Amino acid sequence: MKNEKKAIVAAGLVIGVISALLVFFGNPVNMGFCIACFLRDTAGALGFHSAPVVQYIRPEIIGLVLGACIMAMVSGEFKARGGSAPVTRFILAVFVMIGCLMFLGCPFRMILRLAGGDGNAIFGFVGFALGIFAGVFFLKRGYTLKRSYKMPALEGQLFPVLQIVFLILLVAAPAFIHFSTEGPGSLHASIWIALAAGLIVGGLAQKTRLCMVGGIRDAVLFREWKLLMGFVAIFASALVMNLILGAVTGTPFFNPGFAGQPVAHTDGLWNALGMFLAGFGCVLLGGCPLRQLVLSGEGNTDSAVTVIGLMVGAAVAHNFGLASSGEGPTSNGKIAVIIGIAVVTVIAFMNSRKKAD
Amino acid sequence: MKQVDARGLSCPEPVIMTKNALASKEAAYEVLVDNVTAKENVTRFASHQGYQVQVEEQGEDFLLRITK
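Sequence order for the protein chains is P and Y. If you read the first sequence in our numbering, its first letter stands for residue 1, the second for the next number, and so on. If you read the second sequence in our numbering, its first letter stands for residue 1, the second for the next number, and so on.
Pulled out of the complex, with its shape left as it was, chain P reads as follows (with noise of 0.2 angstroms):
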């Protein structure tokens, strides 16, 4: 057992030092990785919604499927698995994706966040923890989307496989596909080294099962801490690097502060109502969106329609004006976040019964 927790501590500080380089590389500032904004970058490349500034094929997501996808197949543990309420986890993510564009990150982003000294993160920590704690509450009320089943080979095959597609669309760069000239879009390490740090990214958090939700969520339900060390070692090691790479280059990449952060607003009470609806969601849907896509590449067909869920959910939030933006939240997007809360509650209601199955 103590090797499993120092084999997440060790990756954890690997996964912060490439997050914190991936900046250096050219990644928007704090955003070494964010798989909201990455899927939603995505989501814009393909046309799904026509915000000019967040368009591009990550190709970080393309390396986190794939490396995990690898992973898997070494240790014989790629299994095509599915048919666990997919339509309601498509649900669950489109409103995890609102929350998150509420708060402009994902779970690892908002670490990220933390890490580069933005305080409005906090915000988005307590609100985060505390949809984690309302998840937990219907998970010990016997909340669950009842089993999946074995699927065909080619079921749990086709994701990493669309993941290549994406990689060939974002070399081959037909016009069709859209990529940002402005904006947190159009800025971003060159294609290799963000495939790259995605694949080591992917291969860790599938080895260690990384997950920014399951770490709070077994410390709580079973007092179990070896999530919850990944997640600190993460913040840990991105924070030292930020000092050390403001150190060695002169432009700081730790500005402890509120206003005026990076791709951030400063409303404390929408930052945080974004990120419990975003932990209340996922912990519905068993993990984080990071977590969530390593799963997608082990051949987990539910994960695979969550992430779609999730690009949709992008798709929505900037076509119908929900997603906030450095200017702050908007009327739109703090009506979809409380009809997100109300409908992820139902949810949780409806799927919990004292006696499952």
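No lab work stands behind these hints: they were computed from the structure. Any given hint might turn out to be false.
Using 16 angstroms as the maximum straight-line C-alpha spacing, the simulated EDC-like pairs for lysine to aspartate or glutamate come out as follows [unchecked claim]:
(1) Lys-150/P x Glu-60/Y
(2) Lys-2/P x Glu-40/Y
(3) Lys-207/P x Glu-40/Y
(4) Lys-79/P x Glu-30/Y
(5) Lys-19/Y x Glu-224/P
(6) Lys-5/P x Glu-40/Y
(7) Lys-2/Y x Glu-30/Y
(8) Lys-150/P x Asp-61/Y
(9) Lys-2/Y x Glu-40/Y
(10) Lys-79/P x Glu-26/Y
(11) Lys-146/P x Asp-5/Y
Part of the chain Y face toward chain P, derived, beta carbon under 8 angstroms [what the hints assert, rightly or not]:
(12) Arg-7
(13) Leu-9
(14) Pro-12
(15) Glu-13
(16) Ala-23
(17) Tyr-51
All values derive from a computational prediction rather than experimental measurement. Beta carbons: idealized from backbone N, C-alpha and C, even for Gly.
Chain Y: place on chain P using the hints.
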């Protein structure tokens, strides 16, 4: 002996089911899971509660024998 069938369920559900089963304070339990993550998590949880766990692979499933 109490038996738990947690096949097809993803974590943390197999661990919660195991936890609930262990509350009945019997001498032995059998938990059936079908993925490595669940196998690891149930094993870790039961060990932390002071139980011995033996793992037996049954085709694509894992049978975990949990004893005091």
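- Proposed proximity, Glu-40/Y with Lys-207/P (alpha carbon, max 16 angstroms): Within the cut-off at roughly 12 angstroms; holds.
- Does Pro-12/Y pass the interface hint, meaning its C-beta sits closer than 8 angstroms to a C-beta of chain P? Nearest chain P Cβ about 6 angstroms off; hint holds.
- Task: For the pair supplied as a hint, Lys-150/P and Asp-61/Y, confirm whether the alpha-carbon distance does not exceed 16 angstroms.
- Result: holds, 12 angstroms
- Query: At a threshold of 8 angstroms, is the proposed contact between Arg-7/Y and chain P supported by beta-carbon distances?
  - Reply: holds, 7 angstroms
- Closest C-beta approach of Leu-9/Y to chain P relative to 8 angstroms, hint status: holds, 6 angstroms
- Distance restraint between Lys-79/P and Glu-26/Y, which requires alpha-carbon spacing of 16 angstroms or less: With a Cα-Cα distance of about 33 angstroms, the restraint between Lys-79/P and Glu-26/Y is violated, given a limit of 16 angstroms.
- Query: Does Ala-23/Y pass the interface hint, meaning its C-beta sits closer than 8 angstroms to a C-beta of chain P?
  - Reply: Hint on Ala-23/Y: violated, closest Cβ of chain P at ~13 angstroms, above 8 angstroms.
- Message: Next pair to validate is Lys-19/Y with Glu-224/P; report whether the Cα-Cα distance is within 16 angstroms.
- Response: holds, 13 angstroms
- Message: Checking hints one by one. Is Glu-13/Y an interface residue toward chain P, by the C-beta closer than 8 angstroms rule?
- Response: Glu-13/Y check passes; min Cβ-Cβ to chain P is 6 angstroms, inside 8 angstroms.
- Item | Straight-line alpha-carbon gap Lys-146/P to Asp-5/Y, limit 16 angstroms | Distance ~12 angstroms between Lys-146/P and Asp-5/Y Cα, so the pair holds.
- 16 angstroms Cα cutoff - pair Lys-150/P, Glu-60/Y: Measuring from Cα to Cα gives roughly 10 angstroms; hence the hint holds.
- Query: Is Lys-2/Y within 16 angstroms of Glu-40/Y, Cα to Cα?
  - Reply: violated, 20 angstroms
Against the hints set out earlier in the document, violations occur for numbers 4, 9, 10, 16, 17.
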